[in-house]
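Work out the full structure, taking the sequences as your base and the hints as a guide.
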Amino acid sequence: MVLYDRDQSLKLLKIMENTTLFENFTTHDFSSNVSVSEIPRPSTTDILLRFEPYSVYIDRIVSPIWYIIGLFGNPISAKVWLGRKSRKNSSAIYLGLLAIVHMFQLIIHFLFVELTYTWDIPTNDKPVLCETLNVLSIIPQYLAPLLVLGFTVERYIAVCHPFKKETFCTVRRAIIVIACFTALSVGFACVQADLWHYYPDYKKCFAKTENQEFQTIWTAITEIMFFLVVPLCVLMFNILVIREIKRITSHGPAVSAGGSQTSTVTLLTVSFYFICTLLPASVVYAIQNEMPNGKMKNLQSLELIATDPVWLSFFTYIAIRKVVEEICLSNSACYFFIYYITGKYYRQQVNSFLGIDKCCRKFSDKDSTLSSEKTKYSLVSTNGNGMHATQI
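Here our numbering runs 973 ahead of the position in the sequence shown, where the first position is 1.
Everything labelled a hint here was simulated from the structure, so no lab data went into it.
The list that follows gives simulated cross-link-like pairs (lysine to aspartate or glutamate, EDC-like), each with its CA atoms no further than 16 Å apart:
1) Lys-1176 with Asp-1093
2) Lys-1061 with Glu-1139
3) Lys-1099 with Asp-1174
4) Lys-1181 with Glu-1104
Computed beta-carbon distance windows for the label pairs:
5) Leu-1022 with Arg-1216: 49 to 57 Å
6) Asn-1184 with Pro-1037: 33 to 41 Å
7) Thr-1289 with Lys-1137: 45 to 53 Å
These numbers come from a predicted model, not from an experiment. Each residue gets a CB set at the ideal place from its N, CA and C atoms; glycine is no exception.
Here you go:
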């Protein structure tokens, strides 16, 4: 999902271009050579704080939580799945790289979106950095869904076509598929460099106002491909896997033909969590073109915008979308909990890595020693002759 999409940036640009948050100034055309850099202009954060402050507050409170969780859990996940023992399994290769991609996505989200659009600390308002950060921000957004699709298809082959598992579910094939997915994601993301531009007059990075028809078509194609078709494919393969597991378990032990039940549960849970967090965001972004513009004459002042119900509905939409975006962002942070709860091997490795096993063993040994000392001698009653210590 494009973190800060073209349509929203254009609407906010119109407001920044024409409104008078600090003082009156006239409309400026990008084709004009007149410099307006000296004119104070409201930033995106200023505009949102003025009309829909909750969208900013949600971002400032919730996003740091996902950063903390993700920057703690994703490196651990990468270490476990790409460890010497785990990486012999092709699905572990997908999960390990997915953790790295999610960690990269959280870092870029913090530098590109959080600082720029939430805390009003511009990081992309530079001539080259504008295009570069837009490209880097979209690569993990394209690659993560493809990786989920990759291990979902692998699990489908392992469960529904077990005799083909040795041919298609290999580490070598997984690496080749991942390389192709990465090249595809980078190729599609590079187009973003041509869709965004740094405007010196405004000292801001915005989507280009020219070639809007191409931008609209390209954005629609990529959004549908990566954020609608891919999740629906993942859902379809998961349904087929569940149906096959149900068929197998109805005739025998609850172990799938494609491997342990635990690993299947882990991958299915990851897939469904991916779908539940991404599809709502896809729906919200799909309806953004249906959000009408307010009266353009009302852009001449913030007071007129405040009384325009159409513009106010646009800002309400931004607030709703911000909630959905935060839910979607959790997808890059919370897989650690799914792995830990559903995967025994992952849980053992994490406990060992964090020293939890040693701590538990220490307390267990201590409790065992105390229990042994307590039960070594017990007091029992004998024929009214008093209490005697009898060794167990």
